[in-house]
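Whenever a hint applies, use it, and build me the whole structure from the sequences.
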Amino acid sequence: MNHSATTAAIHDQTIATHYTCPMHPEVTSDQPGRCPKCGMFLEAAAAQDAAAPPLQLVAEPQDTGTWTCPMHPEVTSDHPGRCPKCGMFLQPADGGDAPAAQQHDHQHASGHQHASGEQVGTVAHDGTRAGSWTCPMHPEIRRDGPGDCPICGMALEPVSAGLDDGPNPELVDMRRRFRLAAVLTVPLVVLTMGPQLVPAMRGLLPATVAPWVELVLSVPVVWWAGWPFFVRGAKSVASRHLNMFTLVSLGVGASWLYSLVAVLAPGLFPASMRGADGRIGTYFEAAAVIVTLVLLGQVLELRARDQTSGAIRALLDLSPATAHRIEADGTETDVPAADLQLGDRCRVRPGEKVPADGTVVDGHAYVDESMITGEPVPVDKNTGDRVIGGTIANGGSMVVEATGLGADSTLARIVDLVSQAQRSRAPIQGLVDRISAVFVPVVIVIALAAFGIWFAVGPQPRLPFAIVAAVSVLIIACPCALGLATPMSIMVGVGRGAGEGVLVKNAEALERLQKIDTLVVDKTGTLTQGRPSLVDQQAVDGHDPATVLALAAAVEAGSEHPLARAVVDAAREAGRPVAAAVDFAAFPGGGVSATVDGHHVVVGSPAFLDTQAIDTHALAPVVEAYRRRGATAIVVAVDDRPASVLAIADPLKPTTAGAIEDLRRRGMRVVMLTGDNATTARAIADELHIDEVIADVLPDQKHGHVQALQAQGHKVAMAGDGVNDAPALAAADVGVAMGTGTDVAIESSDVTLLGGDLAALVKARDLSVDTMRNIRQNLVFAFIYNVVGIPLAAGVLYPAFGWLLSPIIAAAAMALSSVSVITNSLRLRHHR
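Quick note: the sequence shown uses the numbering used here, first residue 1, plus one each step.
Zero decoy hints are in this set.
Label-pair ranges, simulated between beta-carbon atoms: (1) ASP385 - ASP610: 34 to 40 Å; (2) GLY704 - ASP416: 30 to 36 Å; (3) GLY704 - ARG827: 39 to 45 Å; (4) ARG827 - GLY343: 42 to 48 Å; (5) LEU816 - VAL457: 29 to 35 Å; (6) PRO169 - ALA730: 36 to 42 Å; (7) ASP583 - ASP144: 54 to 60 Å; (8) LEU816 - GLU692: 48 to 54 Å; (9) PRO441 - ASP144: 29 to 35 Å.
It is worth saying that the hints were derived from the structure and are not from the lab.
Glycine is no exception: its CB is placed at the ideal position from the N, C-alpha and C atoms.
Shown next, in the form of structure tokens:
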């Protein structure tokens with residue numbers, strides 16, 4: 001059955017009363033969430049007519065035959081499931097049709113929409129991942145396999161790094177070409193330059209033989225080792241995207257072809273161009289050295305770009321190889337972690353890695369999550385707590401039920417996010433693109449002008465001088481360093497952030513973060529631990545506190561609000577049963593109501609109860625006293641009369657105060673935006689030394705306050721963790737989500753702090769500042785080399801000092817500019 005059609009059919013029926021999984025219709029819930037079997041989001045399902053047959057969303061797959069992964073055909077299984085490498089659903093190896101639901105989720109799990117609108121990560125007919133190759137300098141270019149970028153000519157590389165990727169084929173090829181070029185170029189340079197430096201070498205080869213030896217040595221260097229440069233140069237002309245390879249191919253080709261004519265047809269040249277030995281000067285060694293140095297630059301650049309994926313590979317390497325799976329009979333079996341299925345239970349012993357995302361179902365341990373969150377303090381994990389695959393259990397043993405495998409795991413999502421961010425474009429790249437669009441044509445014009453001037457008014461022999469000047473200009477002006485300046489820094493910076501527990505969704509957010517002057521923070525779950533608890537209760541009008549608490553818990557059981565969970569937990573800890581409630585209604589930002597055991601119960605803020613015609617004025621002194629202590633006061637009314645006041649407090653995170661102070665020292669104005677009343681919010685703000693508080697804000701009003709700050713000219717970052725924060729996160733210049741918060745908040749944000757700690761925002765801000773500074777330094781390096789190098793190569797100093805830049809020196813300077821940019825970018829790996 002078509003999944004989308006089925007969903008439409010469901011929504012066309014009566015109002016949804018429960019949620020179900022599109023893959024496992026037997027899984028139902030009275031509230032949204034994830035399926036415990038496959039991890040997919042539950043969807044709203046309509047109440048079915050009792051006489052109507054239930055909707056069958058999924059045909060049960062037959063556990064017969066051989067199943068394989070379309071992405072990794074070496075993975076086979078005798079039953080359906082997910083690929084342990086990529087998380088995609090296995091399909092019948094005999095080419096038969098997989099169940100429709102699997103096909104749908106296969107597409108869902110393996111493909112996503114790229115920011116540019118292109119479909120990225122779908123499966124091509126040849127088994128490769130469509131759009132999985134991109135250009136390091138032009139991430140908008142996506143191809144199904146390796147090749148050359150049509151804009152800059154550079155080799156495409158995989159979008160995401162993997163542990164089993166093997167060596168970079170482009171690096172292997174360039175290294176092989178460089179080695180051969182170096183082996184042949186060294187004797188060629190010795191043969192041509194040696195006699196000028198060492199008189200004893202003169203006459204070793206007859207004047208009639210030496211040019212032919214130089215020609216033979218240069219052919220493999222120029223036309224085999226340097227062949228990719230000519231191919232890319234030709235493509236750049238054909239596509240009208242002139243680039244560095246246009247200049248390299250023109251310079252090397254011109255100097256080598258001139259030398260070839262000088263050897264094959266020396267009579268075409270005037271006598272004035274002959275040297276003392278009667279030879280026409282050749283530039284075989286210059287062409288060979290240029291190719292060799294450009295190859296060296298390519299090798300260094302490819303190695304550096306390979307290192308930028310180190311953060312991703314470090315994350316991938318976290319996954320353990322084996323797991324201690326607990327079988328149905330209670331026995332433990334060591335199995336490859338890749339063979340785990342959703343719902344499997346595994347024992348994690350002290351010092352071992354958690355084999356998969358899951359929930360602790362038994363035991364207790366302190367889990368080191370530093371490689372994921374960047375926080376060095378182990379986290380106490382007990383029954384019911386979530387754990388992340390790859391983290392390390394210390395000081396205890398626990399049993400974990402797997403809930404996230406393959407592409408659905410936290411590690412996989414982090415890797416995907418980091419890969420996308422590394423390939424995104426920062427706004428500053430727009431300036432570079434505009435410059436590059438005119439740079440190469442201008443350089444060609446300058447080279448032609450230099451050739452013309454030297455040929456017209458230069459000293460004799462004019463033609464060689466003109467060729468040297470033109471070739472030197474073409475070579476030294478290669479814009480490789482200019483193109484690498486921004487993407488290299490972004491790749492290294494984003495990777496470094498991932499290692500510190502800061503996930504940046506795109507380069508634009510990283511650039512905007514340095515300009516933020518105002519930070520708007522939610523209170524619950526952002527400044528506080530997000531685990532409120534009942535700290536006090538005062539009953540009124542003779543009501544029994546325990547009875548009122550049980551009634552309140554029955555109503556709050558239908559709410560997902562953290563304060564509601566605190567009430568329910570308090571009732572259960574007191575040993576009070578939580579009764580079933582009917583006619584439940586929620587009022588966002590106010591409270592909830594329901595009928596419990598025949599009583600109409602309303603739980604919420606005093607202001608909300610006042611709107612329900614329930615007079616709470618007599619409770620004002622109690623409410624105000626709780627608020628001055630920094631607790632949230634909620635009132636419970638039974639049968640439209642106040643029955644009790646509950647005080648709920650949420651302790652601050654240990655690092656919050658220090659983080660707020662660090663952000664203030666960095667010039668950021670901190671504003672608390674909360675739905676709490678002003679007295680409670682002010683108590684928290686005073687403790688944290690926050691100057692500005694906006695309290696009593698309803699969820700749908702938060703984004704309006706953010707927009708108001710932006711209208712005043714402020715660059716605003718919003719930090720939050722709840723569903724109600726999502727609109728404000730999306731409206732802010734930079735949305736910052738706590739990694740411990742809701743999926744909606746994380747999806748709406750630009751930056752995710754994996755540890756849910758504002759201290760990581762300080763790291764993110766510093767990383768943004770350092771990355772943008774690094775980019776500007778790179779651009780300065782690139783521009784200095786070109787601004788200074790081009791005039792020198794054209795020969796402006798020759799009339800005064802007799803200095804004329806050799807093409808060999810020009811090639812060395814060009815390679816050095818790229819190395820400078822690469823080396824400077826890699827410094828970000830040591831960012832603190």
